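For this one, chain A is given, so just place chain B on it according to the hints.
Residue numbers (this note's numbering), protein chains in the order written: chain A, 19 to 268; chain B, 19 to 268.
Please keep in mind that the hints were generated in silico from the structure rather than gathered at the bench.
A quick note: this is a predicted structure, and the numbers were derived from the prediction, not measured.
Do not rely on the hints blindly, as some may be mistaken.
Said to hold, decoys possible - Covered stretches of chain B (in silico footprint by chain A; criterion: 3 or more residues with CB under 8 Å from a CB of chain A, positions within the stretch not fixed): (1) 36-49; (2) 173-186; (3) 225-236.
As the list claims (entries may be wrong) - Incomplete in silico selection of chain B near chain A, CB under 8 Å: (4) T62; (5) I66; (6) R69; (7) I93; (8) A108; (9) Q112; (10) Q115.
Glycine included, C-beta positions come from ideal geometry on N, C-alpha and C.
2 protein chains.
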Amino acid sequence: MAGGSAPGASLVDRTVAVLAAFDERHQRLRLADLATRSGLTPPTALRILRRLVATGALDRDTAGYYTVGRLIWDIGLLAPVQTGLREVAAPFLQDLQAATRATVHLAERDGDAVLYLDRLSGVTSVPVVSRVGSRLPMHATGVGKVLLAHSPADVQQRVLAGLSRHTPYTVVAPGTIARQLDRVIKDGYATTQEEMTLGACSVAVPVRDSSREVVAALGVVVPSLRHARQRLFAALSVATAGITRELSHS
Amino acid sequence: MAGGSAPGASLVDRTVAVLAAFDERHQRLRLADLATRSGLTPPTALRILRRLVATGALDRDTAGYYTVGRLIWDIGLLAPVQTGLREVAAPFLQDLQAATRATVHLAERDGDAVLYLDRLSGVTSVPVVSRVGSRLPMHATGVGKVLLAHSPADVQQRVLAGLSRHTPYTVVAPGTIARQLDRVIKDGYATTQEEMTLGACSVAVPVRDSSREVVAALGVVVPSLRHARQRLFAALSVATAGITRELSHS
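Looking at chain A on its own, in the form it has when it is part of the complex (with noise of 0.2 Å):
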C-alpha cells in the first residue's frame, strides 16, 4: 500500500501516504524506509511524523522506529467494513471452531485478492499467515480459490496471467488452476494443499446472501485433508446455511 506522493499533491495527500507507508510486512519503519515508501523527501516525511506522532496517529520507539498508533486503530475499527456480514457470520464462525478445532477464516474479494474479514484461530497448531485484514493471493488460498471461481471473466484472466510461487506446492500453471475453478463451481467447495503455507491445508466453500450472490467465502485450515474433506465441508455448509439464513432476515 505504499502510496507515492506526486510533487504538487496536498499535505493532506502526503499526510494520508504517510500512513499508508504501513503494511502487513512494513509494520515498524524508521524515516528513510517511511520517506521513500511515501514518495517523500526525509525532511518533508519527517515533519509530517511528527505531528503524527504528537497527535497519536503513530508512535515512535526510542529506537527510532514508527508504529501506527492507538488513535488510528480506534478510528479504523468504526470502518464499515462488512460489519453487516461479520456480525452475521460471528456466532456461525465459532461454532464452526468449536465443531472443527480447526482455524476458521470468513474472507472476500477486493479487487484481485482475497481480503480476510474475520479469524478465529483453531487449537490444532497449523501455520497461518493470514490475518484480519490480510490480503493473500486466490489461487494459492481456499478462500481464494472460491472467490475467484464466482468471480467476472476479468478478474479470472488477470488472476491467471499472474501466478506466484508461494511454497513448491502452489500451482502456477492457469490451465490447472481454471480447471480447479471449475470443479469449485460444480463440487461446491475448493482444497488447498499447502499451496500459500507448508503444513497448511484448507477447505472452503461461498457464502450466499437471500439473492444467492457469492458474498463471501468462508474456509478452514487443518494440517491434512486425509479423511477430513468431507467432514469439514458438510460443516462448513451448515455454517454458511446459517449464515444466508440469518442475511435474509436481517
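Frame of chain A; chain B shown alone:
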C-alpha cells in the same frame, strides 16, 4: 474523540482532527458535524474531506454522509495494540465461549475507562453494548470493576468522584463501589447485575502476566447470575491460568 484544532495547528493536525471526529457514537457524519467536532470552519473541513475521500481514507455516500474508509481500517489493524496479549488469549477466549456459550470479553484499562480488546459473541441473546475498540465506564462493567480494583489510587479516586448512571441498577454511591472493589481483591472476581445494560449480567477476573501483574481482565456476559456465579468463575479461572502460562512462555 473530538479533537479541537487550534488556529495555528498545522494541516497535518487538522487532517488528524477530521479523522478523530469519528467515534463510536458518530460513525456517519455530515460536513457540518465534522467541522464542529474537529474545530474547523466548514470550508477548511471540506477542503480536507475532499482529499481524504480522494485517497480512500474516508468514504462519502450519496446522502452526503462521511464514514471511515477501508484504507484507515487496513492501517489501523496494523497498530500493535496488545497484539501479543490478544493473540495469546484468543484460543482461551474461544474455549471459554464454547464452555459457557456466553459473550466473552478481553479488556484492559485505558486511562480512567475500560477498553475492549477482543470480544466473542455468545449464543444466548444478551444485549451487549461493547465491541472491539469500545471504551466503557469502569464502575458499571465486570471487566471494568476488576481493572479498577487493581488500579492506582489516583485512578480510583477520579473514577469514584464521577460515577455515571446507565440503568436503574448502576451503582453510583462511591462508598458502595469502594466496598465492591475490596471484595474483588478478596474474592478474585467482580460481578455486575444490569448495571451497564438491562438484561446483561457479568462475571470477570483479572488476567496476570508471568510476574503476577494484572495486565487485563477477562469477563463473560450472561442474562442472569443465578446459580451461575461459581461455574463461570471456575471457567474464567481456567482460561486466565492458561493465558498467564502462555504469556510466561512467550
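Consistency of the hints with the structure:
{"no.": "1", "hint": "36-49", "in the structure": "holds (count 6)"}
{"no.": "2", "hint": "173-186", "in the structure": "violated (count 0)"}
{"no.": "3", "hint": "225-236", "in the structure": "violated (count 0)"}
{"no.": "4", "hint": "T62", "in the structure": "violated, 11 Å"}
{"no.": "5", "hint": "I66", "in the structure": "holds, 5 Å"}
{"no.": "6", "hint": "R69", "in the structure": "holds, 4 Å"}
{"no.": "7", "hint": "I93", "in the structure": "holds, 5 Å"}
{"no.": "8", "hint": "A108", "in the structure": "holds, 5 Å"}
{"no.": "9", "hint": "Q112", "in the structure": "holds, 6 Å"}
{"no.": "10", "hint": "Q115", "in the structure": "holds, 6 Å"}
Consistency with the previously given hints fails for numbers 2, 3 and 4, ordered from lowest to highest.
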